[in-house]
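Since chain A is already given, all that's left is putting chain B with the ligand on it; use the hints.
Below, each chain spelled out in residue letters.
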Amino acid sequence: MNLYSLLKPERINLDLASRKKQEVLRELVGAIRKNEDADLLVSTLLKREDLGSTGIGKGVAIPHGRSLVVDKLELVVGRSKEGVSFDAIDKKPVHLFFLIVAPPQDPGNQYLIILGRVAVVCQELLKRKAYEKPETPEEFIKLVKEIEGKL
Amino acid sequence: MSEEIKILLELQHLDYMIKDWRNDETRKQFQKIGFKVEDDPVQMLLKKREKLAERINKSLYQMYERILSRYKDWAIVPVLNGFCGGCFSKVPTELSGQRKVINNCPNCGRFIYWD
Ligand SMILES: [Zn+2]
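Top line first, the protein sequences correspond to chains A and B.
Residue numbers for the first sequence, in this note's numbering: 1 to 151.
Residue numbers for the second sequence, in this note's numbering: 1 to 115.
Isolated chain A, as found in the complex:
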């Protein structure tokens, strides 16, 4: 399964404004849901963060959760030039976010497959800081497509 085909330009924010955990989750969630649905998603994601940060190091975080506010898997990308303090395992600020929200009932376990795929693609995006180069969401998707073509 390809990531790039799940990415949508309107769900890619290459210039996040937030600098803190809760705010950045809200900003990311804002790309898919508003109002009470967004509150519910943020509170769920924060509970997940309480178990241990989804900041897996080297400036990448993959916040994730299941929710009935989505009926299919949703992916949001965020990039921060300044970096966000996210309690990452290496304590470094996070510059690249992939938010994954999956429905509770998920035939074929797409959630886990996509989580794994995101982790792999992120490692490639980190090489020579490739993720810093795209200037538009479309360019970002193109970059992910190129990366996946070589996997």
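Errors might be hidden in some of the hints.
[Stated by the list, open to error] Simulated restraints on C-beta separations:
| no. | chain 1 | residue 1 | chain 2 | residue 2 | range |
| --- | --- | --- | --- | --- | --- |
| 1 | A | VAL120 | B | ASP24 | 17 to 27 Å |
| 2 | B | LEU46 | A | GLU23 | 24 to 34 Å |
| 3 | B | LEU60 | A | ILE113 | 35 to 45 Å |
| 4 | B | CYS108 | A | ASP71 | 35 to 45 Å |
| 5 | B | PRO106 | A | ASP87 | 17 to 27 Å |
| 6 | B | GLU38 | A | ALA17 | 27 to 37 Å |
| 7 | A | GLY116 | B | GLU38 | 19 to 29 Å |
| 8 | B | VAL42 | A | GLU132 | 36 to 46 Å |
| 9 | B | GLN62 | A | GLY57 | 38 to 48 Å |
| 10 | A | GLU23 | B | PRO106 | 40 to 50 Å |
| 11 | A | GLY108 | B | CYS87 | 20 to 30 Å |
| 12 | A | GLU23 | B | MET1 | 14 to 24 Å |
| 13 | A | ILE113 | B | SER59 | 32 to 42 Å |
[Said to hold, decoys possible] Calculated lysine-lysine pairs in the BS3-like style (CA-CA distance at most 25 Å, straight line):
| no. | chain 1 | residue 1 | chain 2 | residue 2 |
| --- | --- | --- | --- | --- |
| 14 | A | LYS142 | A | LYS47 |
| 15 | B | LYS32 | A | LYS47 |
| 16 | A | LYS150 | B | LYS32 |
| 17 | A | LYS133 | A | LYS150 |
| 18 | B | LYS36 | A | LYS20 |
| 19 | A | LYS129 | B | LYS32 |
| 20 | B | LYS51 | A | LYS21 |
| 21 | B | LYS36 | A | LYS127 |
[What the hints assert, rightly or not] These stretches of chain A come out as covered by chain B in the derived footprint (C-beta under 8 Å, 3 or more residues):
| no. | stretch |
| --- | --- |
| 22 | 43-53 |
| 23 | 59-73 |
| 24 | 114-125 |
None of these hints come from the bench; they were simulated from the model.
Glycine is no exception: its CB is placed at the ideal position from the N, C-alpha and C atoms.
Just chain B with the ligand, lined up with the frame of chain A:
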């Protein structure tokens, strides 16, 4: 949306998470990706669940538990275009006038709410 509905929804989302962390395959995948977590994430989530459950009245919580144990999947569902999100039967229109109170689907008994 009433406070009770919000808490029930939060509870249900926590239950999705607990289910994932109890699943060996899921847990292995989380580890493989590089997520580092508490020694006993399920225990930690259960504590959160307990605290959340204290915020709604006991009979409502017990009803949540009963519905969940009956259907396994979900106890509270949205009404989508007039249909119950759990059993897909038509929700009587007179119920849609009572959005502020918690209702149960007359067909399947799950809690229903309007977005
Ligand atoms: Zn029903």
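Structure-based check of each hint:
{"no.": "1", "hint": "A:VAL120 x B:ASP24: 17 to 27 Å", "verdict": "holds (22 Å)"}
{"no.": "2", "hint": "B:LEU46 x A:GLU23: 24 to 34 Å", "verdict": "holds (28 Å)"}
{"no.": "3", "hint": "B:LEU60 x A:ILE113: 35 to 45 Å", "verdict": "holds (37 Å)"}
{"no.": "4", "hint": "B:CYS108 x A:ASP71: 35 to 45 Å", "verdict": "violated (19 Å)"}
{"no.": "5", "hint": "B:PRO106 x A:ASP87: 17 to 27 Å", "verdict": "violated (46 Å)"}
{"no.": "6", "hint": "B:GLU38 x A:ALA17: 27 to 37 Å", "verdict": "holds (31 Å)"}
{"no.": "7", "hint": "A:GLY116 x B:GLU38: 19 to 29 Å", "verdict": "holds (22 Å)"}
{"no.": "8", "hint": "B:VAL42 x A:GLU132: 36 to 46 Å", "verdict": "holds (38 Å)"}
{"no.": "9", "hint": "B:GLN62 x A:GLY57: 38 to 48 Å", "verdict": "holds (43 Å)"}
{"no.": "10", "hint": "A:GLU23 x B:PRO106: 40 to 50 Å", "verdict": "holds (42 Å)"}
{"no.": "11", "hint": "A:GLY108 x B:CYS87: 20 to 30 Å", "verdict": "holds (23 Å)"}
{"no.": "12", "hint": "A:GLU23 x B:MET1: 14 to 24 Å", "verdict": "holds (23 Å)"}
{"no.": "13", "hint": "A:ILE113 x B:SER59: 32 to 42 Å", "verdict": "holds (41 Å)"}
{"no.": "14", "hint": "A:LYS142 x A:LYS47", "verdict": "violated (33 Å)"}
{"no.": "15", "hint": "B:LYS32 x A:LYS47", "verdict": "holds (21 Å)"}
{"no.": "16", "hint": "A:LYS150 x B:LYS32", "verdict": "holds (21 Å)"}
{"no.": "17", "hint": "A:LYS133 x A:LYS150", "verdict": "holds (18 Å)"}
{"no.": "18", "hint": "B:LYS36 x A:LYS20", "verdict": "holds (20 Å)"}
{"no.": "19", "hint": "A:LYS129 x B:LYS32", "verdict": "holds (23 Å)"}
{"no.": "20", "hint": "B:LYS51 x A:LYS21", "verdict": "holds (23 Å)"}
{"no.": "21", "hint": "B:LYS36 x A:LYS127", "verdict": "holds (22 Å)"}
{"no.": "22", "hint": "43-53", "verdict": "holds (count 8)"}
{"no.": "23", "hint": "59-73", "verdict": "holds (count 5)"}
{"no.": "24", "hint": "114-125", "verdict": "holds (count 3)"}
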